[in-house]
Each structure stands twice: as structure tokens, then as C-alpha cells.
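As they're listed, the protein sequences go chains A and B. Its first residue numbered 104, the first sequence is counted upward by one per residue in this note's numbering. Its first residue numbered 801, the second sequence is counted upward by one per residue in this note's numbering.
Just so you know, these hints were derived from the structure itself, not from any lab. You can take every hint at face value.
Ranges of calculated distance between the beta carbons of each label pair, as one might list FRET restraints:
id, chain 1, residue 1, chain 2, residue 2, range
1, B, 975, A, 409, 32 to 38 angstroms
2, B, 818, A, 133, 42 to 48 angstroms
3, A, 388, B, 889, 35 to 41 angstroms
4, A, 409, B, 873, 22 to 28 angstroms
5, A, 133, B, 966, 34 to 40 angstroms
6, A, 165, B, 912, 45 to 51 angstroms
7, A, 121, B, 864, 15 to 21 angstroms
8, B, 933, A, 262, 50 to 56 angstroms
9, B, 873, A, 406, 18 to 24 angstroms
10, A, 151, B, 975, 57 to 63 angstroms
11, B, 864, A, 147, 52 to 58 angstroms
12, A, 264, B, 869, 56 to 62 angstroms
13, B, 889, A, 140, 18 to 24 angstroms
14, B, 925, A, 409, 31 to 37 angstroms
To give an idea of the interface, some chain A residues facing chain B are shown, with a C-beta separation under 7 angstroms as derived from the structure:
id, residue
15, 114
16, 119
17, 127
18, 131
19, 212
20, 220
21, 221
22, 224
23, 225
24, 407
These numbers come from a predicted model, not from an experiment. Ideal Cβ placement from N, Cα and C applies to all residues, glycine included.
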Amino acid sequence: MAVYEHLYGAYEGESHSALSRFLVIPRYALREVFKSKLLVTIFILCFIYPLVAMILVYLHHNANALALLQINVRELLPIDASFFLTFVQVQCAFAFILTVLVAPPLISRDLSNNALPLYLCRPLSRAEYVLGKMAVIVFLLSSVTWIPGLLIFFFQASLAGFAWLSANLWMIWAIFSGCMVWIILLSLLALAVSSFLKWRVVASGALLGLFFVPSAFGEIVNNLFLTRNGHLISLWATMNSIWRGLFGLFVRQTGQIRGKITNPIYDEQFFNVALLEPPLWVSWLFIALICALCVWLLSRKVRAYEVIK
Amino acid sequence: MTNVIELEQLSVTFGRRPILKSLNGALGGRAIGLLGPNGAGKTSLIHTLLGFHPPTSGTARIFGQDITTDAKQVRATVGYMPERDSFIAKTSCVHFVRLMAELSGIPASHALERAHEALFFVGLGEARYRPVDSYSLGMKQLAKLAQAIVHGPKLIILDEPTNGLDPPTRSRMISLIRQIRDGGRARILLSSHLLRDVEECCDEILVLKDGQIAANCNLEEERKANRKFIELETRGGDRAAFVEAIGGLGCEYALSGERRIKLIMQETVEISDLYHLALEHSVQIRRLNFKRDSLEDIFLKAMENGNAGEGMNVSVNNGNQIKNGNGRANDGGL
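Bound conformation, chain A alone:
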């Protein structure tokens, strides 16, 4: 079929691999995403902290620079597990902002324009469609989380030497898996919200609400019942526990309250309440359940046509 002939003709050329076909979706979507100036600005801001972290690492190993700046190396943050934990926490917070901006229209726009039949009438399954949409978020968030995290890690390793690298090799897994768990959770939640709400603003609001409302409620529960179990309904607190666990910094007891009971017979009695965070396995289970719920919701909503029974 040639433009000047205006005729219909079959395509007889080669096809690209069926396995990588879902990657067409993020390629087109990311092009659209970066047309937004606001997003580009925030995306650039996401690299400020990695830059600062990299400078810190550099200063640790450069006596001349320290002397020039008149800084003692002890005044700098130590480059250890807590340094990378902070890095993951900060970058994952930025990742959340990016998700709120990018994810809501990903599926909702296709649903409101009836585009799903167009995708699904092609050699593309529903799972591949969701994977393609998920890949948009995964690529974007990876570029601001574990990729710069690992770059900083290897930068530090190259300056500190082999001994440091071999002692801290486990941190590669902690940085990667800590960020990936967050990215997968965010993308599944965002896509599930996007598949239910057609309006972008409402979907963004719902996504913010999912993170902040349960966190606030959890804090109220914690304060009222003198516990830390309220963290179980807070995604942010649960993820914090998981990150701490991955970096070997998880502590169950995060506080203690000294209380007083006034008893008419025995006078006053003092007691101590240890504030225990939920066990790590419970946090993992909670995140796994949320992800499973999102997958189930997506499997219900992502269909070419909805059948009303």
C-alpha cells in the first residue's frame, strides 16, 4: 500500500517479537508524559538528592576538598546502611509524587475513550496490557530510585575499595529490592485506582488519600490505644519497616510509655508499656495482600467490554 496509490495492501514484512510487544505501550506513553513541563521539572528535582549524596561520598574520600571547605570528615554523614536507607526513603517519596502525576490517566483515559478493545483485539493479552502500563511507572520510578542508588553505591565502592564493597555487597539487594517493592506497590495501586476512576483529578486525589488517610487514622489508633499496630494500615509506615528490615536497621520496640493507675486500695501503681512495631513478616504480608488485591481489581476492570450481568 503506497501513499500515492491509495490502495489497500497486506503487510508482508517482518514482525517484532511477541514477547517485547507490551513495551510499545511505555515507549509511547513516556513520550506523552515528558510533554508536561511540570513533570519534567519535578523529574529534574528528583535528582537533587542523589547529586547531594554523590557529593557527600566524594567529599568523604577527598581530603583536599575537605581541607578547602574546612570540614572535618567526622562532621559528614557516614556512608553506611543508614545513609542508603535515608537515600531510599527520600527518593521513594519523590517517586510517590511522580506516580501521583503520571499514573492516574494511564488506564482511565483508555477506559473513557473505549480504547481497550483496540488494544485487546491485537495480539496483546490483558496481562500484557497491564504490564505495559505498569512499565511506564516502573521505568520512570526506577530512574529516580534504585538506579541512582546503585550508582552512588558503586561510586562509593570505587572510592572506598574492595574491602568496603565485599563488606557491604548485601546492600545492593537492599537498595534494589527496597525500591522495587515500593515501585510495584505504587504502580499496582495507581493502576487499580486509574481503572476505577475516569477523572484524572479524582484519581490523583484518591491515590493521595490512600496513602495519607490510613496513615493519619493509624496514628490516631496508636495514640489512643498506646500501640504501634496502627502502622499496619499505613502504607508509608509499613514500607518504612520493610526498608529498615532490608537494611538491617529494623527495631521492634520504638518507644516506651510510663503510665500510672490510681487505685483506691493500693494507692498509685506505675506500669511500663513497650511500643512494639508489628513484626516484619506482617508488614511483608500486608504489602503482598495489597498487591494481590490490586491485581484482582485490575483483572476485573481491564476488559475489552464490561459485561453487566
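Given the structure of chain A, go ahead and fit chain B onto it with the hints provided.
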């Protein structure tokens, strides 16, 4: 002619409601018309063929490939133009069609070229850089056609392609469909409730009623068949005896209203024989027309005699006569 679509006891149920009931048949036309009243199951059949709804029992094959086990291969050979407005928002038409081409498996290097060609073919060449959201209804229909053909499928499924189009755009759409059909590179399955569209484009029809096949007819063969269809208008006399006598000559007949008789003449029967019979039964022949069976006749016949409840598939290939379960001709069917 190779079969495009084969239906094998295909049934689809939504909840407890049966939508398609044990459909059987083979369709091999260059352009197949899918007809039926609203709710007959046309769109459900298309969706099932595309794998959107899983069959409850039975299966179907497209170009010999099973729709359930080879779903991806089937969809790679099919282009689909949905009934409703469907597009990717906030993108130019060429971008949209290119994305669809790539999702069908065409490499990025060829997809853009194919998108331009498809858009020029459907007549949107000059408007291809405009966002699809800004298109008129007719342009959106053409854009949907472009995305359905961009990857050069072997079967193009068009669901109500002329819906809401003004006469010039409709005629352009029909001409495009006929052009694709005549090119011989792709087969077409056209679902429509507009008989005229189907008659203009298709050489085979499948009529659905209540989820069952009411008729499966090769229009091309019908058109080519050397049969004489005659419509008589009579007055007075013993009409019942007259039609019995016509039947006695070996002609298939059907009564239409109180005065009209439609019949198919046998080779050995002459027009004068009819006049002789009319004279014998004191029947006046007021009018005698040679009439070909139109698609509308076939459709109406199928609607009246669909036998939906009995699960009986009725063919009108031979003799253009719908017969009921005991083999008797139906009144007013032809």
C-alpha cells in the same frame, strides 16, 4: 473457497443468560454480512471471535485457528473496527494509527509508513496530524477503519461501520469496503442492521436471531442462480386449490397476504401453465411480476422463521424457501 470462520457448537452465556446458542456453520465469502435485530448476538459473536468473551461451550476457528487455544495468532490476522467511538486521547491520528500498527507486530521503522498509507487510503491524509478527539463522527469512523487495516490483516471485522454517517461519508465508507473486498487481500466480516450496506458489500450473509443462526445464505450464488421468482396478485376463485395445483407442478410457493403468491418456477413449467391453472380454478391473475429475492426478503423470512427455540439452523441457499420443521412451506415467507 477456504473457510474464513467455522463455528462449532459455539455457545456464550453471560451470567445465566444465554447469548449465543450452539452456533454451527462455515462462512467462506469474501465479504460476510452479519445481520440481525438488536440483541440478536451480532456484536457478541464478534467479541467472542476476538476472544473478548470466552465461549461457554463449543468453539470457533478463524482461518483454521482456534479462537480459544490460538487466540493471539487469531488476533494477529484480524483487524477490528469497533462500533463505538474508540481512540487514544490526546494523540494525533497518525500517532494513534502508528501505535496500533506497532501493537499488531509491525516494527517501528515500518509502522509510521503504514500509518500514513492507511490514512491516505481512507481519505484522512490531509487531517492525519490533527488529534483524533477533534475529528467529526465521520472522520472518527474512517480513523477506526485505518487502525483496523494498518497491519494488513487477513480478516477485517467491521461492526456497524456506517453508523451515524451522512450520505457522502457513508458512500465513501461503502466504496472503501468494496475496494478492500475486490482487492482480494482480505476477507471482511461486516456487522450491520442496515440491509442496504450489507447488500452492497457482501456476498454471504449470516442472520442471527435470539442468539441462533436464522439464515446463512450465499448472496452471490443467489444472484447467479438461474431461478425464476414470480410474484402473482390474484382475485376471486378458489385460491387454496390454485396454490395446491401450483405445488402440484413442482413449484415452491409462499402466500403473501390475501392476494399475493410468490413462487419459484421449475424449468419444465411455463407461464401459460399458470394461466391454465388459474382458469381451471376461476382465479383472476391481476398482476404477474418476475421478482428476485432481495436481501430484505431473506432477512424478513429469517426473522419470521428463525426457529430460535428449536435450535434449528435454516438455510435459504436452495430454493429461497424457508421450511418449517415438517417441511411445509411457510405462509408469507418469501
